[in-house]
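Throw the hints in and build the complete structure from the sequences for me.
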Amino acid sequence: MSTSIFFEHLVQEDRVHRSIYTDPLIFELEMTHIFGGVWCYLAHESQLPRPDDYLTGKLGLRPIIVVRDSSGKLRALFNRCTHRGARVCRETRGSARTFQCPYHGWTYFNTGKLRGVPWPEGYACDFAEGKYNLAQVPRVESYRGFIFGTLNADAPPLGDYLGAAKRPIDEWLDRNPGSRVVVAEANRLKFKGNWKLAYDNAADGYHVVFSHRSLLETENRHAADPTKGMSFYMGKPDEAPMYVQYFGRGHHFKDKRPNVERRPGALWEIEGAQPGMAAYEKLIRERLGARALRALDLAASEPVNINIFPNLSILGNHIQVFQPLAVDETESVWYATAIVDEANELEGMADAVNAIRMRTQESFPNFGEVDDAANFEEIQKGLAACEDEWVYMHRGLGIPGRVQRLADGTLKAPATDEVFMREHMKEWQRLMTTRPNIQLSR
Amino acid sequence: MTYVNDRFYEELVASFSDWQRPELEVADVATRDECRRLLEREARLLDEGRYEDWLALYADECVVWVPAAERPGDPRREVSVFFDDRQRLEDRIFRLRTGKAWSQVPPSRTVRMVSNVEVFRAAEKLMVRSNLLLAELRAGETRQLAAWCAHRLAHGKIEAKQINLLERDQSLRNPSVLL
Ligand code: FES
Ligand SMILES: [Fe+2]
Chain A
1 MSTSIFFEHL
11 VQEDRVHRSI
21 YTDPLIFELE
31 MTHIFGGVWC
41 YLAHESQLPR
51 PDDYLTGKLG
61 LRPIIVVRDS
71 SGKLRALFNR
81 CTHRGARVCR
91 ETRGSARTFQ
101 CPYHGWTYFN
111 TGKLRGVPWP
121 EGYACDFAEG
131 KYNLAQVPRV
141 ESYRGFIFGT
151 LNADAPPLGD
161 YLGAAKRPID
171 EWLDRNPGSR
181 VVVAEANRLK
191 FKGNWKLAYD
201 NAADGYHVVF
211 SHRSLLETEN
221 RHAADPTKGM
231 SFYMGKPDEA
241 PMYVQYFGRG
251 HHFKDKRPNV
261 ERRPGALWEI
271 EGAQPGMAAY
281 EKLIRERLGA
291 RALRALDLAA
301 SEPVNINIFP
311 NLSILGNHIQ
321 VFQPLAVDET
331 ESVWYATAIV
341 DEANELEGMA
351 DAVNAIRMRT
361 QESFPNFGEV
371 DDAANFEEIQ
381 KGLAACEDEW
391 VYMHRGLGIP
401 GRVQRLADGT
411 LKAPATDEVF
421 MREHMKEWQR
431 LMTTRPNIQL
441 SR
Chain B
1 MTYVNDRFYE
11 ELVASFSDWQ
21 RPELEVADVA
31 TRDECRRLLE
41 REARLLDEGR
51 YEDWLALYAD
61 ECVVWVPAAE
71 RPGDPRREVS
81 VFFDDRQRLE
91 DRIFRLRTGK
101 AWSQVPPSRT
111 VRMVSNVEVF
121 RAAEKLMVRS
131 NLLLAELRAG
141 ETRQLAAWCA
151 HRLAHGKIEA
161 KQINLLERDQ
171 SLRNPSVLL
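Here the protein sequences come in this chain order: A and B. Be aware that the first sequence starts at 1, since it is given in the numbering used here, and climbs by one per residue. Be aware that the second sequence starts at 1, since it is given in the numbering used here, and climbs by one per residue.
These are computed hints drawn from the structure, not numbers from a lab. Hints are not guaranteed to be accurate.
What the hints assert, rightly or not - Below, a list of computed lysine-lysine pairs in the DSSO-like style, where the Cα atoms sit at most 27 Å apart:
id, chain 1, residue 1, chain 2, residue 2
1, B, 100, A, 236
2, B, 100, A, 192
3, A, 228, B, 100
4, B, 157, A, 190
As C-alpha cells, this is what we get:
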C-alpha cells in the first residue's frame with residue numbers, strides 16, 4: 001500500500017483509526033512530518049529577556065537549546081554535541097555565552113559556532129570549516145513574543161502559517177496593559193496517552209459538563225444561580241452564542257466571549273472563588289474606583305482557547321504547550337502569565353492584579369485538567385482493544401446548515417461540534433503524506 | 001474569606017525563609033514528640049480519606065503551599081503547584097466528594113511515611129521540618145512522590161504548610177490526591 005492510501009484509510013470523513021494514537025511507527029513519522037514539517041512553538045520571549053539567556057527543551061523529540069545569542073538573535077540550537085552526540089547543555093535554563101560539552105570539552109559559542117576543541121593538534125581537519133558547529137533550526141521567528149521554529153525550508157512565513165489565528169492572539173494580548181504578558185512559572189502535568197488526545201480536546205466543547213462536572217459543581221457550590229466558570233455549557237450549549245471556528249492548517253478557536261456580557265466586570269463576576277480575591281478586590285476598588293472592574297477582569301480567566309497546531313494552546317491566561325514524550329506519553333505544561341504595567345495604566349495595582357491572577361490560574365490545572373488527563377489515559381487504555389478500530393469524531397457532520405463556511409474560508413460551528421477535530425485530522429493526514437524539506441543550518 | 005492579603009503573603013514568605021538555624025532548634029523531647037504525633041496523625045487521616053478531620057488540624061486562617069519553582073519565590077508573582085487557603089482546601093475536599101472528579105474515581109490508595117522530624121522555634125511559633133514519602137496505588141500502578149515539608153504551628157494547629165516536592169519543577173502525573 002502506498003503511504004497516501006495508507007493514511008487515507010486511517011483518516012476518514014467521520015472517524016480516525018486507533019493506530020494513529022497507538023502505533024510507534026506512526027509516532028516516529030510524526031516527529032519528522034509534523035514536528036519537523038510545520039512551525040512549532042518553542043518558548044516565550046519573556047523567558048529569554050536578555051542576550052545570552054537560554055532554556056532547554058525539545059522540538060518533537062530533538063533536544064534543543066532556545067537561546068538569545070550575545071547579539072540578541074533568537075536561535076534554536078540542537079542540544080547535541082557535533083563530536084559524539086552528547087547533550088551539550090544539561091541545565092533547564094540559564095545565561096551563557098558559550099556551552100562546553102562535559103564529555104570531551106568541545107566548546108561552542110551561543111550562536112552554535114564551534115569555539116574550540118581540546119588539543120586540536122591531534123586533528124587533521126579544519127575546524128573553521130563550519131561543519132562541526134552545532135546544528136540548528138534554520139528558521140526561528142517570533143510572533144508578538146511567541147517564539148516558533150521550523151526545520152522545513154518550504155514552510156510559509158510564520159505570519160502566514162498562523163493566518164486567521166493572529167486575530168484572536170492579538171486580542172488576547174491587547175487586553176493587557178502594554179499589550180503584553182510575561183511567563184510566571186507553570187503547572188506541569190503529564191499523562192500516559194498520545195499527544196493528539198490533548199490537541200483533540202483543545203476546542204472540544206462536548207466534554208465540558210461531563211469531564212469537568214466536579215469543577216462546575218465545586219465552583220458553584222455557594223452560588224444561588226450556577227453562573228461561575230464554564231456554567232454556560234449547562235443546558236443547551238449549542239444554542240449559546242459561543243462557537244468553535246476552524247482556521248485552517250490545523251489551528252482552531254473556541255470563543256466563549258460572546259456568552260459573557262461585554263461590560264467591565266462581567267468576567268470577574270463569573271470567576272470562581274480563589275485565595276486572596278476578597279482582599280485584593282477591596283484594595284483595587286479603593287484605589288481605582290470606577291476603573292477597578294477593568295483591572296479585576298485582568299485577574300479573571302479570558303474565555304478563549306486559541307489552538308495552534310501542533311503544540312500550543314493559548315487559553316484563559318495560560319500558554320499551554322503539548323510535548324510528546326512517546327507514542328503513549330505526553331507532557332502538558334500550563335505556563336502562567338502575569339501582566340506588566342510599565343506605563344502605570346493601573347496606578348500601581350498591577351501587583352494586586354497579579355496576586356489574584358496567579359491563584360486563578362492554579363485553579364483549572366488542579367480542578368479541571370487532572371480529570372481530562374485521567375480521561376486521556378483511559379482512551380489510551382481503551383484503544384488497546386485492537387479489533388475495535390475506529391474513533392468517531394462526527395458530531396455535527398451531515399446536519400445541513402450546522403457548519404458555516406465564512407467569507408474568509410474559515411469554518412464556524414456550534415460549541416460542541418467536532419468539525420475542528422475532523423479538519424485538523426485532514427491536515428494531519430496531508431502532512432503525513434507530504435515529505436517536508438528538512439534543512440539544518442550550522 | 002479575606003485573610004489572604006499582602007501582609008499574609010509577606011509573613012508567609014518571611015517565615016518560610018532562613019528558619020532552619022541551629023540556634024533555633026528545639027531539643028525538648030516532649031515538644032518534639034508532640035509535633036511528630038501531629039504529623040503522623042495528619043498522614044493517617046489523609047491516608048484514611050478522613051478529609052474533614054484532617055482539615056480540623058488546621059487553623060481557621062491557614063494555607064497549604066506547594067511551590068512549582070526550583071527555587072520558590074513570592075507566590076504573588078508566580079504560580080504554585082497549588083496554593084490553597086481554607087476555602088480552596090474545602091473546595092478540594094468538596095470536589096473529591098462529588099464522585100465526579102474522574103482523576104480520583106476510583107480513589108487512589110495511599111500510604112504516607114513521615115520521617116526526619118526536626119523542630120525549630122520561631123517567636124511563639126514552631127516550625128517543623130519533615131520528610132514525606134507518599135506511595136500511591138492507582139489503576140494497578142504504584143507511584144511515589146517525595147517531598148520535604150515545613151509545618152508552621154501555633155496553638156497546636158497548623159497555620160501553614162509548605163510542601164517542597166522533589167519533582168516540583170517536573171511534570172507530575174495526575175497530582176490529584178490531597179497533600
Ligand atoms: S561528545 Fe561532546 S565533546 Fe565529545
Ligand atoms: Fe477540558
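Exercise. Can you give the numbers of the hints that this structure goes against, from lowest to highest?
Worked result: 4
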